[in-house]
Amino acid sequence: MVRFTLEPPPGCMLTANVARRANLVVSPAGDRIVFAAEKEAQTVLCLREIGRHEARVLPGTEDGSTPCFSPDGRWIAFLSGPTLLKMPADGGPTQTLCDAAAEGIAWTEDGSIVWCDGPGGAWRVSASGGTPTLFAQADPGVKTVDGETTVLGLLSPTAVPGASYFLACAWDGFTTESYHLVSISLADGALRTVLRHATEPRLLAPDRLLFTRGSTVMTVGFDRERGVTVGEATVALEPVRTDLWCDSAAIAASTSGTFAWIPGGRLGSGRRLIRVDESGKSSPLLDGADNYYSDPVVAPDGRRAVLTTLRKKVEVWMLDLERRSLSSLTSRGENYAPVWSTDGRSVVTAYTDATGVTSLARWPAEGGEPEIVAPNVGSACLPLQELSDGSGLLVRKVGSDAAGGSDLVIYHYGDRTWTPVRSRPAEEGMGSISPDGRWLVYCSDESGRRQVHVGPLRGDGANLQVSTGGGTQPRLSHDGKRVFFLDPQDSMWSAELSTEGTELRVAPPVKLFDALRAGAAASILEFAGYGVLPDGSFALIARAAWEDEPLQIHVVLNWAAELAAKDAR
Numbered sequence: 010m011v012r013f014t015l016e017p018p019p020g021c022m023l024t025a026n027v028a029r030r031a032n033l034v035v036s037p038a039g040d041r042i043v044f045a046a047e048k049e050a051q052t053v054l055c056l057r058e059i060g061r062h063e064a065r066v067l068p069g070t071e072d073g074s075t076p077c078f079s080p081d082g083r084w085i086a087f088l089s090g091p092t093l094l095k096m097p098a099d100g101g102p103t104q105t106l107c108d109a110a111a112e113g114i115a116w117t118e119d120g121s122i123v124w125c126d127g128p129g130g131a132w133r134v135s136a137s138g139g140t141p142t143l144f145a146q147a148d149p150g151v152k153t154v155d156g157e158t159t160v161l162g163l164l165s166p167t168a169v170p171g172a173s174y175f176l177a178c179a180w181d182g183f184t185t186e187s188y189h190l191v192s193i194s195l196a197d198g199a200l201r202t203v204l205r206h207a208t209e210p211r212l213l214a215p216d217r218l219l220f221t222r223g224s225t226v227m228t229v230g231f232d233r234e235r236g237v238t239v240g241e242a243t244v245a246l247e248p249v250r251t252d253l254w255c256d257s258a259a260i261a262a263s264t265s266g267t268f269a270w271i272p273g274g275r276l277g278s279g280r281r282l283i284r285v286d287e288s289g290k291s292s293p294l295l296d297g298a299d300n301y302y303s304d305p306v307v308a309p310d311g312r313r314a315v316l317t318t319l320r321k322k323v324e325v326w327m328l329d330l331e332r333r334s335l336s337s338l339t340s341r342g343e344n345y346a347p348v349w350s351t352d353g354r355s356v357v358t359a360y361t362d363a364t365g366v367t368s369l370a371r372w373p374a375e376g377g378e379p380e381i382v383a384p385n386v387g388s389a390c391l392p393l394q395e396l397s398d399g400s401g402l403l404v405r406k407v408g409s410d411a412a413g414g415s416d417l418v419i420y421h422y423g424d425r426t427w428t429p430v431r432s433r434p435a436e437e438g439m440g441s442i443s444p445d446g447r448w449l450v451y452c453s454d455e456s457g458r459r460q461v462h463v464g465p466l467r468g469d470g471a472n473l474q475v476s477t478g479g480g481t482q483p484r485l486s487h488d489g490k491r492v493f494f495l496d497p498q499d500s501m502w503s504a505e506l507s508t509e510g511t512e513l514r515v516a517p518p519v520k521l522f523d524a525l526r527a528g529a530a531a532s533i534l535e536f537a538g539y540g541v542l543p544d545g546s547f548a549l550i551a552r553a554a555w556e557d558e559p560l561q562i563h564v565v566l567n568w569a570a571e572l573a574a575k576d577a578r
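Last residue of the sequence shown? That's 578 in our numbering, and every number before it is there in order.
Hints were generated in silico from the structure; no laboratory data involved. A hint or two may mislead.
With a Cα cut of at most 30 Å, we get these calculated DSSO-like pairs of lysine-lysine [said to hold, decoys possible]: (1) Lys520 / Lys290; (2) Lys490 / Lys290; (3) Lys152 / Lys321; (4) Lys152 / Lys322; (5) Lys490 / Lys520; (6) Lys48 / Lys520.
What you are looking at is a predicted structure, and each value in this text was computed from that prediction instead of being measured.
The whole structure should be built from the sequences, with the hints applied where relevant.
In structure tokens:
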């Protein structure tokens, strides 16, 4: 048995963005490994042959992801944006096959390339290209033929050599225990449950199946002919770098016994809440409660905050800032993107019920049942802030314009109507309204780069650019006189706002501190990074200790024999 680590080619690096599921694959013979890396701010695919000491970039794989090998190992299929391509495994010109919205792909022995697109189902296209077909559907009315699993969505397909089916992961609910392995027939798309509470199927030998539970890799015997597991599952390895929402992991295997993985943990695990002042000095906001946290939003009274957590499901919890204690706020469904009501008596969340329908719901701050304020809005609607008069919500609608960008709109509680406030062929997001209700601070990439702007919430008027070198995640101070934002390097900035008559003025921004140096988690800063406290300090999510470890791909050869020997003992 041989163990070693892989280094990216010169000029390339592994990043948290590319160290994710489906971006790592081992050839059927176990002699080659393909992985995604970043080069000059662009993702590329890299190939490492086991007999060589260095990996190399595969030309023509710019923006490449989710690679897989053909059954004979001579070809590599991959995605570049929404396009499915293939190329010779030794390098060569790429061939476009079709469009495919996929998280992972697999190349089966019947000459098909299959992929799963989540809530749509499983698709396939000829390895020569053509028109893809949906052959296994996923929706609340679909169940596996054994009746054990409702199939709300599918992901992580894996080919099974010599079989007339492939393996995938199905989910039947909205908790981290709702993911299960299924087989999908290549003949008629029939789905059968293989193993409950499991993700990321990988065959390490013809008769040995790997899968993950959390950040733990498990192993179990497998009868390929019948498509069923044999014996009891045991722990094979932990911890590996694991996806936040569905516990799928950065692992790859071949039936020759070669296994590759990225060590780490479940993304978000081991994090803490911290307070950071304007000089960058940090202190705990909550003691002894390592978990996944995001979306910290401070109440109008400054004594409480709400935040999103992920235990077995996505929930919103209340943080008492004075007592430094947490308590559950939401009692049912999945809840995220919380915002306070203007009077501080309730919290509005994006709420997904047990049937998969997402609405906007109002939860009493003192506990109780939710009130649906905007029914069936879909997962693309994210509440941002309640209007100062309490009559509606500022909402970000993701993918709502013709260019696929996001728009900012106001939802009116009374007549349940929507009014656009920033709707251009660009990406607008993360808006914040001034306490007097006059001004809107928001982020837009209309100029070709994301910048922070401020302008009238309603009506005509100039929009002034606040950031100068790029900016995201704008927030207003509690008195509305300062704009805070993050630059592309995750430094916190501040700009003073003032008015002269009806005219708004913005002072040049001033850099405050480096959020990463203060201990913040970069992956959280990207989309829901911080809250503003009344004293002008910030509530941030601290990264876990394991996130500071350098990313590495570990490889072990003939691991199947080692696991078999361990089982024999």
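Taking 30 Å as the top limit, are the C-alpha atoms of Lys490 and Lys520 close enough?
Within the cut-off at roughly 16 Å; holds.
Check the hint pairing Lys152 with Lys321 against an upper bound of 30 Å on the C-alpha distance.
Answer holds: Lys152 to Lys321 is near 23 Å, not above 30 Å.
Taking 30 Å as the top limit, are the C-alpha atoms of Lys490 and Lys290 close enough?
23 Å, holds
Does the alpha-carbon distance linking Lys152 and Lys322 stay inside the 30 Å limit?
22 Å, holds
Is Lys520 within 30 Å of Lys290, Cα to Cα?
The hint holds at about 14 Å.
Straight-line Cα separation of Lys48 and Lys520 no greater than 30 Å?
Status holds; Cα separation ~28 Å.
This entry satisfies every hint, going by the numbered hints stated previously.
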